[in-house]
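> Keeping their order, the protein sequence lines are chains A and B. Position 158, counted from 1, in the first sequence is what our numbering calls 158; the numbers after and before it change by one each time, with no gaps. Position 369, counted from 1, in the second sequence is what our numbering calls 1369; the numbers after and before it change by one each time, with no gaps.
Just so you know, the hints here were simulated from the structure itself, not pulled from any lab data. Because the structure is a prediction, the values reported are computed rather than measured. Take these hints with a grain of salt, some might be off.
Claimed, not checked - Lysine to any residue pairs mimicking SDA-like chemistry, simulated, CA-CA at most 25 Å apart:
{"no.": "1", "chain 1": "B", "residue 1": "Lys1014", "chain 2": "B", "residue 2": "Phe1180"}
{"no.": "2", "chain 1": "B", "residue 1": "Lys1580", "chain 2": "A", "residue 2": "Arg153"}
{"no.": "3", "chain 1": "A", "residue 1": "Lys96", "chain 2": "A", "residue 2": "Thr127"}
{"no.": "4", "chain 1": "B", "residue 1": "Lys1014", "chain 2": "A", "residue 2": "Arg153"}
{"no.": "5", "chain 1": "B", "residue 1": "Lys1511", "chain 2": "B", "residue 2": "Ser1554"}
{"no.": "6", "chain 1": "A", "residue 1": "Lys96", "chain 2": "B", "residue 2": "Lys1014"}
{"no.": "7", "chain 1": "B", "residue 1": "Lys1306", "chain 2": "B", "residue 2": "Asp1351"}
{"no.": "8", "chain 1": "A", "residue 1": "Lys119", "chain 2": "B", "residue 2": "Leu1578"}
Unchecked claim - Derived DEER-like restraints, expressed as beta-carbon distance ranges:
{"no.": "9", "chain 1": "A", "residue 1": "Thr92", "chain 2": "B", "residue 2": "Tyr1586", "range": "54 to 64 Å"}
{"no.": "10", "chain 1": "A", "residue 1": "Ile129", "chain 2": "B", "residue 2": "Ile1067", "range": "20 to 30 Å"}
{"no.": "11", "chain 1": "B", "residue 1": "Glu1592", "chain 2": "A", "residue 2": "Lys72", "range": "46 to 56 Å"}
{"no.": "12", "chain 1": "A", "residue 1": "Thr92", "chain 2": "B", "residue 2": "Pro1576", "range": "40 to 50 Å"}
As the list claims (entries may be wrong) - A short, non-exhaustive set of chain A residues, derived as facing chain B with CB atoms under 10 Å:
{"no.": "13", "residue": "Glu35"}
{"no.": "14", "residue": "Ala36"}
{"no.": "15", "residue": "Phe73"}
{"no.": "16", "residue": "Asn94"}
{"no.": "17", "residue": "Glu117"}
{"no.": "18", "residue": "Pro125"}
{"no.": "19", "residue": "Gln144"}
{"no.": "20", "residue": "Phe146"}
{"no.": "21", "residue": "Phe147"}
{"no.": "22", "residue": "Leu175"}
Glycine residues also receive a C-beta, built at the ideal position from the N, C-alpha and C atoms.
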Amino acid sequence: MKFLLKLIQTHRRVRQGGTRYSALVVVMLFGFFLEAYMHNFNLVYITLFFVFAIAYVAGPLGLYNIGELEAKFAPRGRLFANTKGELYFAITNNSKTPAWAISLHVNTLSSEVGRIEGKETKEAPITIILPKRGEAKEDECYLQSFFPLSTVRFVLPIEGGYDTLVYPQPQGIPLRSFLQKQAMHFGEEKDFDGLAPYSGAEPLSRIHWPSVAKGETSVKTFAHEQTTQELAFNFMDAGTNDEERLSQLCLWVLECEKSHQPFTIEMPNRFIQSKKESIDAILEYFARY
Amino acid sequence: MPYLNTLQDTKLSKLHHLDIAYIAVLLPLLLIIKAPMLLFMGVVLALLVLRKESTPLLMTLMTALGIFAIFLSSYGSFNFAGLSRLKLFLELLIYILIFAVSLQRLTREINFYLLLSPLLILALSLFFFHSVVMLGYVIVEIFVLLWVILSFRMQGSFQETFKMAGSMFAFSLPWVIVLFIFFPRISFEHASYGFKGEGERRMGHDGTMFLDNNALLVPSNKIVMEIGFQEKMPPSNQLYFRGSILYLDKKDHWAPMPMFVQRSYAQGYTSIEESITYKVTLYPTLKRWLYMIDSPQKAPKVDNHKISIDVDFISKTQKDIDETLHYQATSALKYTMNTNIDETTLNVALDTDITSNPKSWEIAKNIKAQIKDPKKRADAIIKVFKQNDLTYTLKPKALDLNNSTDSFLFDKKLGYCVHFASAFVNMARMSGIPARVVTGYKANPSNGIQNYLVIKEKDAHAWAELLIDNRWTRYETTAWASSMDSQAQELLDQQSNTQTSQLNLYMMYVKYQIETWILHYSHFRQLQLLDKARKDPLFIAQLVGTLLVILLLSFMLWRYFRQPLCHDKLICLMQPLLEKLQKEGYKRADRETMHQFLIRCSQEYNKNTKEIDKLYEVIRYGGDNSEETFESLKKLLKAFK
């Protein structure tokens, strides 16, 4: 009784649709029916009834398989525009028995989850590329299963889908180049300590012109350079348009975070100090800018 | 056990799943596929086992080999006219399907028809088989195919997928049963082609009766007929199954009335006081007689056969019986009959050569002179038989066929049914009583259970019929033997209930019931059920009750198969305790270890879980996996309140 009640409740939550295999079952049933009726073969009748009954019970079993699942968006990690990222969903199986052949779908994207043990929560990722920074929302998120026979597609919508923030795409000049541009060396220019291959990011003053004349583009390296104590970025200098500037700043912020370097950013209406705000808050500001 | 573990852990690829499906569906077809095609299949199998790459050369060779195998397999059988016969057409279809599937399988690429073909092969194989064994195999086949689909879909262990297939199967069973009983059928005839697994010829009665070394005696246990009585089985003295009537004494054998003899003889029932209806399953005899209990009321109806019944109540088909026949018959057990025997028949029934059996003639002549009443004359002949100390034996000494009656009664005194019947009929004719020999089967009731009866080759029998008071009366002539020799006694003892024969009989009974109620379930049976339900409300209650029991059993089976597998012995042992505690409101929190939970239960709720925790820790982390420790934990868990 409990099982039936559960099934009725589940029926309302789960969408069902036939697959091409259900069409195959219909054709098979018709074929068996003709064979059985025309020749009065009880063996064929038995096969026909088994095919029908198994296809029929596949419905409630499949429903029960997916119906006991609960899924919700579980934000984890950062998502950047136009960059491969992963959306995580926490899928809980409330049944004692495992749920089989589950896949996670976001719009047209899908990811195999496989089995989820009974009374277990599994965090399932789905790889996604979001094109724009800012708030990203999608209601078309669902769990899908073809269990048990592939004849019916069971779809359990994930309530609320996902609602997350996409940060600007981190791209532009690497922080190293920015620092190199800003770096001041000590002593005369001829006091350089060695040569290094030109990476394309070094300022013109660093290029070792004699080696260029010889056909090799090298840059001068100095033993003692004055490093910038606090990086000061300026929104307006970071690019030619807002998206480019945000992408550039996003890249620098992430690099600074990696190398634990404090920084400041002068935005048109705001002055950001990494010592006072968290990186996530700064990135969120960029995302919503 | 290691094999089981290996099986449990084996992950099958999609192709392996398909291979299993193909093995399951092709097995029964191996019985009908011709040798060249089998050889082709063998080559394909060898190439697959040897993992040969499907190069263009190999594929071309295999295509040529396949076409050649199809050609050889069907050589001589097929022409365009032959193809209109469904059996040949199906056979060719199977060959082509196997050919296509084999070539596709060699490429190791899965396409739609490779996925679909197991089902097609299953459907085709059902055209060829219609037996209890195939019924069992079809059920296994369906289960295997279901398991293959589930195993592929679930990607679980063998045990898990097997359990899931079991649970689906159990869930579907009640539906199959209900549909099988109630799905409307039509009364089309069974198609008569297919694999004749039961086509082996039965010996027994053959329309003549020899008295010499050709005399029919088959002490074999091969089953000739199976009878299912609608009600109770009649007593032993009424279990005579009529085969043929023999009128002509040809010295070394008895023969039926010749076909050219014009008979204007008629007989019919004037009233029937007791009759019996029964179903007969007659296995191939390659003869034309249909056997029915004395005396049949009318010719039975048999699918694909035209049956006639003559004035002597002998039923025959127009062609030899080369397949198992199923028919329903009704026979009169107590009746009055109006017999208008014609002159020709009467003359033939009285014809006897008095010169060749002088001793018998002398006695018969005296009986005829002294006794007027034919019945009393017959009794006097019986007395003669009894006085002569005749011995029933399966190995009689050869009779002098020029005077077989005298030789049997007064010289050799050894014989079996044919000798007794022959001598009695001759004596009766000599004493002026029209008589004839009847051959058929005399069933042994010990070969029956309730309303089911088996008739074996060794039950072939001959008896006599005498025209007394204008009615043919049966005489069991072997009953007057004074003794029986050891061999005949041994044969009789074999029939008596040894445990093996009794078990065998029960198995036959089950097989018969399956054949009757499943394989030959029909529109007629449905109507019978409906009729019974109309007349008997209790029957409806019984039917509904039975269906409910089946539903309950299937649900229990389903529940059993749905139980999650126990991967961790210790956790499984602890599970009932956790459930018990949860019922009482003490739930284990997320990320709470077993130890933490048990201690919390002990401290906060004053539960005696400390000892359990200790043992749990010893087993889980102390490395003590001994049976004793597990037993101690079990005891603690059992004692937990």
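> So, for every hint listed, does it hold in this structure?
Each hint, compared with the structure:
1. Lys1014(B) to Phe1180(B): violated (33 Å)
2. Lys1580(B) to Arg153(A): Violated, at about 37 Å.
3. Lys96(A) to Thr127(A): Violated, because 29 Å separates the two Cα atoms, which is more than 25 Å.
4. Lys1014(B) to Arg153(A): holds (20 Å)
5. Lys1511(B) to Ser1554(B): holds (23 Å)
6. Lys96(A) to Lys1014(B): violated (29 Å)
7. Lys1306(B) to Asp1351(B): violated (33 Å)
8. Lys119(A) to Leu1578(B): Holds: Lys119(A) and Leu1578(B) sit about 13 Å apart, inside 25 Å.
9. Thr92(A) to Tyr1586(B): 54 to 64 Å: Check failed, 21 Å falls outside 54 to 64 Å.
10. Ile129(A) to Ile1067(B): 20 to 30 Å: violated (52 Å)
11. Glu1592(B) to Lys72(A): 46 to 56 Å: violated (22 Å)
12. Thr92(A) to Pro1576(B): 40 to 50 Å: Cβ of Thr92(A) to Cβ of Pro1576(B): about 23 Å, so the range 40 to 50 Å is violated.
13. Glu35: With Cβ-Cβ at 6 Å, under 10 Å, it holds.
14. Ala36: holds (9 Å)
15. Phe73: violated (19 Å)
16. Asn94: Violated - the Cβ of Asn94(A) stays beyond 10 Å from chain B, reaching only about 13 Å at its closest.
17. Glu117: holds (8 Å)
18. Pro125: violated (19 Å)
19. Gln144: Violated, about 13 Å.
20. Phe146: Since chain B brings a Cβ to about 7 Å from Phe146(A), closer than 10 Å, the hint holds.
21. Phe147: holds (6 Å)
22. Leu175: violated (40 Å)
Figure legend: structure checked against the earlier numbered hints; hints not met, in rising order: 1, 2, 3, 6, 7, 9, 10, 11, 12, 15, 16, 18, 19 and 22.
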